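Trainee: Each chain is listed here by its residues.
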Amino acid sequence: MEFTDVKEKKPYGTSQYARSLIEASLDPLVTISPEGKITDVNEATVTVTGVSRENLINTDFSNYFTEPIKAREGYERVFKEGSIRDYPLSIRHSSDQITDVLYNASVYKDDKGNVLGVFAAARDVTETKKVEKLLAEFTDATAKTQLELTDATAKTQLELTDATAKKQLELTDATAKKQLELTDATAKTQLELTDVTAKTQLELTDATALSEKLKGVAKDEFSAMITHELNTPLVPIIGYCKMFKTSMLGRIDQEQLEAIEVIEKNAKRLETLITDIMDVRKLDLDQMKFKIDDLSLDEFFSNLDSDYKKILENKRCQFTTNQHATNLVIKTDKSRLRQVFDNLISNAIKFVSENKGKIETGCMKENNKLVFYVKDNGIGILQEKQKELFQKFYQIDTSERRSVGGTGLGLAISKGIVEKLGGIISVESDGKTGTTFYMKFSL
Amino acid sequence: MKILIIDDNKDITKMFSKYMTIKGHSCSVVNDGRSGLNLIENKTFDAIILDLAMPDFSGSDIVDALYKSGKIKNQNIVTLTASSISDEVESTLKSKGVSLCLKKPIDPDILLGHIQQFENIKTI
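Quick mapping for you: the protein sequence lines, in order, are chains U and B.
The first sequence begins at 2 in my numbering and counts up by one.
The second sequence begins at 44 in my numbering and counts up by one.
Derived from the structure by calculation, the hints contain no laboratory data.
A hint or two may mislead.
Claimed, not checked - Computed, partial: chain U to chain B, Cβ under 8 Å:
(1) Ala225
(2) Thr228
(3) Thr233
(4) Ile239
(5) Ser248
(6) Met249
(7) Ala260
(8) Ile264
(9) Asn267
Model, not experiment: these values are computed from the prediction.
The beta-carbon is built from N, C-alpha and C at its ideal position, and this holds for glycine as well.
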């Protein structure tokens with residue numbers, strides 16, 4: 002067993018006693034080599050990542066965070082500054098569950114002062130963060146209510162004082178007994194007022210908490226409801242289109258067939274638009290889920306190549322894949338990465354001319370970066386238009402461009418996905434002879 | 044094949060049943076969850092197309108009821124939903140005995156292709 006091995010070999014000077022201390026910690030603890038590979042973890046780390054100890058050891062520590070680049074920056078700071086305190090990161094469980102943590106980390110050295118690696122301890126702040134957020138909202142609401150209530154109370158008391166003063170004036174000649182009664186009554190009224198105020202505050206506090214809770218639920222359910230309501234009418238539309246097209250409902254002539262094909266094409270476009278809008282919303286709310294797995298780039302590009310060669314066969318447009326870096330396996334969400342390529346390639350298809358169109362995709366290694374690209378020989382994008390390209394609903398406004406369709410969300414979504422996967426997307430074009438999109442990821 | 048279609052949207056059930064019937068299958072249609080469960084418990088179908096989101100008694104409720112009574116084992120259930128379902132929901136449904144989870148809108152050719160897989164498995 003790995004555990005016994007570690008104990009026997011005593012790597013990095015860990016004694017059995019020290020290990021039992023580390024293991025006793027409820028916080029995730031990890032030691033990382035100067036190369037950034039995990040050298041040891043405790044049980045709490047296994048729990049928070051959902052990955053076994055054997056599978057964690059010798060892997061890149063930054064793989065287990067939602068923002069690998071930020072994790073590596075923190076790691077580099079430890080080396081530069083000796084230690085870091087309360088560095089915020091989010092750990093991703095293999096089931097995609099996210100744990101927000103604060104990291105304390107420092108370098109550790111051998112007897113001679115040589116740096117052996119980094120020792121990092123995480124503190125789970127998911128609950129604290131939730132409570133903090135709720136508390137802030139809650140405090141705001143309560144403060145407001147209290148202010149209103151204080152105003153009302155002050156006003157009532159003022160009225161009451163006025164009335165009392167008035168009565169006292171009227172009662173100047175009356176007996177001390179009456180004054181006493183009045184004072185009692187005032188005191189009683191004030192007491193009742195205080196009671197009511199306290200009770201109202203309590204009820205208001207409950208109501209505030211409940212309404213906050215409902216707001217959260219509403220936000221989640223809103224997206225689901227919109228998707229459902231918009232997609233449902235498309236089911237019979239697309240279904241009947243199919244039946245007409247395949248003459249299941251009787252023979253149709255050429256003109257009718259063309260009409261049905263227009264209906265079908267537009268129904269499918271609506272379907273894409275719904276998916277795109279929901280993706281944009283998920284990205285905006287930071288709710289898009291990513292499934293990070295090993296991805297063989299050889300396989301990825303071979304699929305891309307065969308899929309698009311088939312699609313572009315009839316369009317007389319040349320499609321090539323040029324993999325300059327082979328045998329690479331990276332950690333990413335393959336369907337989201339494919340979504341980005343699909344977006345960029347379908348854009349390219351729209352803007353190349355039908356007979357002379359050339360689209361090339363591929364990847365290459367540049368220093369410690371992996372660069373993907375999608376290159377076309379289409380009409381290009383002018384320099385001054387390139388900045389706005391990644392904005393939502395942006396399509397360069399020329400009649401030529403408007404005629405090609407699309408949702409105008411593809412590039413905004415691609416940028417969002419690439420950034421969430423830890424990369425950078427950029428564009429290069431002379432505005433005449435084609436466009437190249439680059440996606441850079443750290444290796 | 045004997046196919047049961049459960050969906051609260053009548054346009055959808057009519058379209059699917061028309062399509063499946065023309066393709067040579069016999070279709071039963073219900074437009075609410077309780078009648079759906081009742082039919083499943085009392086008749087035999089080769090495949091069930093089940094909408095997940097229905098008012099009062101949903102497709103998920105049907106799956107739960109069949110799972111609890113143990114009657115889900117003999118069923119070939121394909122769920123359909125127009126809202127995106129999470130991986131967790133999908134794996135829960137499958138662990139309870141649902142064969143396949145598909146998204147709406149769907150090309151009826153593709154849906155039928157999936158359903159015919161059940162027939163192939165049976166004949167093997």
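Trainee: Indicate, hint by hint, whether the structure satisfies it.
Mentor: A quick look at each hint next to the structure:
1. Ala225: holds (5 Å)
2. Thr228: Cβ of Thr228(U) sits 5 Å from chain B, so the hint holds.
3. Thr233: With a minimum Cβ separation of about 5 Å from chain B (threshold 8 Å), the hint on Thr233(U) holds.
4. Ile239: holds (5 Å)
5. Ser248: Status violated, d = 10 Å.
6. Met249: holds (5 Å)
7. Ala260: Where the cut-off is 8 Å and the nearest Cβ of chain B is about 18 Å from Ala260(U), the hint is violated.
8. Ile264: violated (13 Å)
9. Asn267: violated (13 Å)
This entry does not satisfy hints 5, 7, 8, 9, going by the numbered hints stated previously.
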